[in-house]
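> Residues per chain, in single letters:
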Amino acid sequence: MLPELGHFALILALFLAALQAFFGIAGAAAGRERWMAAVTTAVAGEAVMVATAMACLMASFIGDDFSVTYVAENSNSALPLFYRVTALWGAHEGSLLLWIFLLAAWTVAVAAASRRLPARFAARVLGVLGVVSFGFLLFTLATSDPFVRLDPAAADGRDLNPILQDPGLAVHPPILYTGYVGFSVAFAFACAAMLEGRLDQNWARWTRPWTTVAWAFLGCGIALGSFWAYYELGWGGFWFWDPVENASFMPWLVGTALIHSLAVTDKRGLFKSWTLLLAILAFSMSLLGTFLVRSGVLVSVHSFAADPQRGIFILAFLIVMIGGALSLYAWRAPLLRSAAGFELGARESFLLFNNVLLVIAAATVFAGTLAPLIADSLGLGTLSVGPPYFNPTFMMSMLPLLALLAVGIHANWKRGRLGDKWRMLLNTLVAAAVIGCGLVFGIYRHGQVLTPVGATLGVWIILASLVDPIDRWRRRLSLSRAVLGMTVAHVGLGLVVIALTTVQSFTIERDVAMSPGASVAVGGYEFRFDGVSPVEGPNYSALAATLVVTRDGMPVTVLRPQKRQYWVQRQVTSETAIRMFRGDNILLALGEDLGAGRWSVRVQIRPLVTLVWLAAFIMACGGALAASDRRYRAVKVAAPAEEAAALERGT
Amino acid sequence: MNRYFVPLAVFALLAVVLAIGIRHAPEKGVIASPLLGRPAPQFSLPELSQPTQQVRSADLKGRWYLFNVWGTWCGECRAEHETLLQVQRTGVIPLIGLDWKDDERDARAWLAQLGNPYQAVAVDASGRVAIDWGVYGAPETFLVDPRGIVVYKHVGALTQEIWSHEILPRVSAPGTKKS
Amino acid sequence: MRQPLVLRASPALAAIVLSASLPAWAVDTTQLPDPVLQARYETLTHELRCMQCQNESLADSPVDLAADLRRQVRDQLLAGKSDEEVRNWMASRYGDFILFRPRYSLRNAWLWGAPAALLLIGAFVSWRIIRQRTALLAADVEPLEEDGRS
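Chains as they are written, first to last, in our numbering: chain A, 2 to 652; chain B, 3 to 181; chain C, 2 to 151.
So that you can see chain A by itself, here it is in the shape it has in the complex (with noise of 0.2 angstroms):
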């Protein structure tokens, strides 16, 4: 009964989104006032419908109910409950259904604030999403369909995928989740503008918290899987350039460049067109990655099930919003020209370097990504694209940017005399030399060409984010949220650098094998294995070893990694311990039974590994507080008698 009931649900939210998108964008086009109120109706219906939906899987999960194929083969009857809730997102179709109820929940959100702005661009806003509401709804129902039902009826499941037996699976998808499906909304936004033929000052000051927030959880949700991978799957890295990594990856880079341009289309009316073209290539690089990694065209460890039939639906999709956003821009954007000014050594420069910067860093990944496809495309034979391209590829367009920043941060809008500041820089940026070298040659004594470099660049970024938010707080003048958000994340960047820095320059790594008893130096660390012994587990039985670690003969701790076989799907997986220990992150993974009690061990040092997460999510942080100033919620909006002229004319 309740995935019929679903599926049921599933159909009228496909048909409220499809009102939701004709009320919203043909009631603006003429003006239809029953129309235009008609949208919220309808947003509210197709939320109660998708979130009804998401409560029947979620029942099927919980119930084990093995005779919808979703279920039986995504979870089993000796799961624990905490991940037969949590597979729901698991595998393709259950992560559809999140991303439709996430984006059911930010289109409530913004009909709710809707009420602040101007009916007909609400309206257009609200009928934007309801067309990527329809899209979605109908390649779900069409393609993927969570509820289908299996006849007969399994005895029991699949049981889900042991590597995601996990508490990462209850955050990373949803938050990361949260993050691509809310560049929906500047998207929207930007339609809206274009549809209106009218870009102004409000347009900027609504846009950007909703963009930053987006941001701030893809960050974070980046963050996080990352760091779900560096400690669950054994292999000690935490980025590889796959694929799917990078299909979260290049959202976030054109997003940064988004909401920086936003702040000079707010602050000067200008990169309007820029704006516009970033808030629809931002949304683009989301509903590119879920292409990527669902429709087999790219070789990748986390692809979900590749299908060439759903490829097409979703390519499809693709040409019709991305191609008719492209293509209002080529129609609206040459009228949104404004005519100020600014100077090279302006703020605005600075922010255009930025845009331009970060969006070459996306479309590298994007190249590097999509190589492989285009080269069978274009017949260019077969390639194959990984770290060794990425990484310095991705560098050459991040140095010039980081080295700008703590300028730029200190450029004047407009005019952009130094004056004074010139001499702050340059103090500024010896010290950061002398901190960062002095640290670097100081603690390890050694490092790469770039090591000095990324430090230097690290810390020069912190220090000038800092110097004007102390100086206001030492004059005891007020500090907007805003700013003090921004000091936050450019903060967080400077850590990031740093941690980056470290990581890259003087991780240890060493694959050995070790007899019970035998010891192993790795880097100042002395590991000494002490055996193998049996674990059970609610599904899965283990091996567990037990290494002591000592530093200089001191007791620092004891590891215990694991290799478990889960019962089911019989797949072994590498459960790695991990301990931070100044600084240090001390990773270790059990590898083969060489036989004679003899096994191999991956020892792993990882110096300030941790701080790259958490610096991370420190950005993350300030792009939120950034967005809860005070100034984004008493905005404007336009004078009634003006709207209902506007209305008459017809625009």
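Since the hints were made in silico from the structure, they are not lab data.
Note that beta-carbon positions come from the ideal geometry of N, C-alpha and C, so glycine has one too.
Worth double-checking, as some hints may not be accurate.
Distance windows between CB atoms, simulated [stated by the list, open to error]:
id	chain 1	residue 1	chain 2	residue 2	range
1	A	P389	C	L107	11 to 21 angstroms
2	C	Q53	B	E168	20 to 30 angstroms
3	C	D65	A	A404	11 to 21 angstroms
4	A	G324	C	A139	32 to 42 angstroms
5	C	S106	A	D553	31 to 41 angstroms
6	A	V86	B	S174	58 to 68 angstroms
7	A	V86	B	H167	42 to 52 angstroms
Here are some chain B residues the structure puts well away from chain C; computed CB gaps all over 10 angstroms [unchecked claim]:
id	residue
8	N4
9	L37
10	G39
11	Q56
12	R58
13	E78
14	Q88
15	K103
16	L116
17	G129
18	D147
19	Y154
In the SDA-like style, the derived pairs of lysine to any residue whose C-alpha atoms are separated by at most 20 angstroms in a straight line are [what the hints assert, rightly or not]:
id	chain 1	residue 1	chain 2	residue 2
20	B	K155	C	S93
21	B	K155	A	G382
22	B	K155	C	A92
23	B	K63	B	A81
24	B	K103	B	D134
Based on these hints, arrange chains B and C on the given structure of chain A.
Chains B and C only, in chain A's frame:
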């Protein structure tokens, strides 16, 4: 005016590339072999049923043959076995097997039980010869012409369709020597 | 879709089963006598793809084929081959797809040249825009909104 159309144009280009990519997607698992059009790798390995004898690539020159990589541990190989027997019964071209990283006794028992479609089976215990042929997943089947050039490769279980649509036409093309 | 009954495995059985099954990631304990060779070995095995896996390197992959290919790399390095020769050896059998670092060739010029080309285009576009806006500056007398500088 026209520079605002650039994003749309770029996207259109991308859409075309992606569309072509999808059309090729079903074959994604099949990476184009660099051996096509090049001489088959040389090898000399013991024969499965008579280990004192060698199966040599040099001996195989002068006629068409199918080089089939398999193992008793490979499920897909079991699935294609019937097709291989049918191919052998047609008598068109001989099958030479490569027993890849397998247990010899298991392999002999397997052939005794299921039937032996091969004219000869080379035993590749170390996997070195398979690597030379660029094998990355059994079963794989190569079609080699009388000059010793690899003209076709199929990854995955051999089907009647592949045999009649891909292999037979190449062997029966006018002007090609059969043996 | 009948599923076999789930059995609780005894610890001893677990030990046997676990040690016989395929591990999730490979731990490669190969050690070459010379640290320089070891470094080259590690770099090469990280830059060669495991052909049987979904986007893993030879160094990380647990499958037999990867172990065989790693042994090949080791043997060839010990025999004095250069990195390029090892890569060519692999690519002549498995195609360029086995290389995670695309070849520096004319055919791949579009890929390797993309970042530099984009940077040039970006610089050009930026220069055009700044020049344009600087020219507009003289006529721009609109006062700046002061609101905490952000």
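> Next, verify each hint and record whether it holds.
Verification of the hints:
Restraint check, P389/A to L107/C: a C-beta distance of roughly 19 angstroms satisfies the suggested window 11 to 21 angstroms. Distance hint check for Q53/C and E168/B: the Cβ-Cβ separation is about 24 angstroms, which falls inside the suggested range of 20 to 30 angstroms. Range check, D65/C to A404/A: Cβ separation about 48 angstroms, and the 11 to 21 angstroms hint is violated. For the hinted restraint 32 to 42 angstroms between G324/A and A139/C, the CB-CB distance of approximately 40 angstroms keeps it satisfied.
Separation of S106/C from D553/A is about 51 angstroms and departs from the stated range, judged on CB atoms against 31 to 41 angstroms. At about 60 angstroms, the CB distance of V86/A to S174/B agrees with the hint of 58 to 68 angstroms. A beta carbon spacing of about 49 angstroms between V86/A and H167/B agrees with the range 42 to 52 angstroms that was offered as a hint. Non-interface call for N4/B relative to chain C: holds, since the shortest CB-CB distance, roughly 15 angstroms, exceeds 10 angstroms.
With a closest Cβ-Cβ approach of about 8 angstroms to chain C, L37/B is found to fall inside the 10 angstroms limit, against its non-interface label. At roughly 13 angstroms, the least C-beta separation between G39/B and chain C is larger than 10 angstroms, which holds for a residue marked as non-interface. No beta-carbon of chain C is positioned within 10 angstroms of the beta-carbon of Q56/B; the least distance is around 22 angstroms. The claim that R58/B lies off the interface holds: its Cβ sits roughly 20 angstroms from the closest Cβ of chain C, which is beyond the 10 angstroms cut-off.
No beta-carbon of chain C comes within 10 angstroms of the beta-carbon of E78/B; the shortest separation is about 13 angstroms. Under the 10 angstroms C-beta cut-off, the non-interface status given to Q88/B relative to chain C holds; the minimum distance is some 28 angstroms. A cut-off of 10 angstroms between C-beta atoms contradicts the statement that K103/B is not in contact with chain C; the least separation is 6 angstroms. For L116/B, the condition that its CB be more than 10 angstroms from all CB atoms of chain C holds, with the nearest at approximately 24 angstroms.
G129/B, annotated as away from the interface, has a beta carbon of chain C within 10 angstroms; the closest lies near 5 angstroms. Remark: the non-interface label on D147/B is consistent with the geometry, its nearest Cβ contact in chain C lying 20 angstroms away (cut-off 10 angstroms). Consistency note on Y154/B: stated as away from chain C, and its beta-carbon is indeed over 10 angstroms from all of that chain's, at 16 angstroms minimum. In summary, the hint linking K155/B to S93/C is supported, as the alpha carbons are separated by about 15 angstroms, within the 20 angstroms threshold.
Under the criterion of a C-alpha separation no larger than 20 angstroms, the hint pairing K155/B with G382/A is consistent with the structure, at around 16 angstroms. Proximity of K155/B to A92/C is assessed by CA-CA distance (about 17 angstroms); at most 20 angstroms being required, the pair is judged to hold. Taking the CA atoms of K63/B and A81/B, the gap is near 29 angstroms; set against the 20 angstroms cutoff, the hint is violated. Distance restraint check for K103/B and D134/B: the Cα-Cα separation of roughly 14 angstroms lies within the 20 angstroms cut-off, and the hinted pair is therefore satisfied.
Consistency with the previously given hints fails for numbers 3, 5, 9, 15, 17, 23, ordered from lowest to highest.
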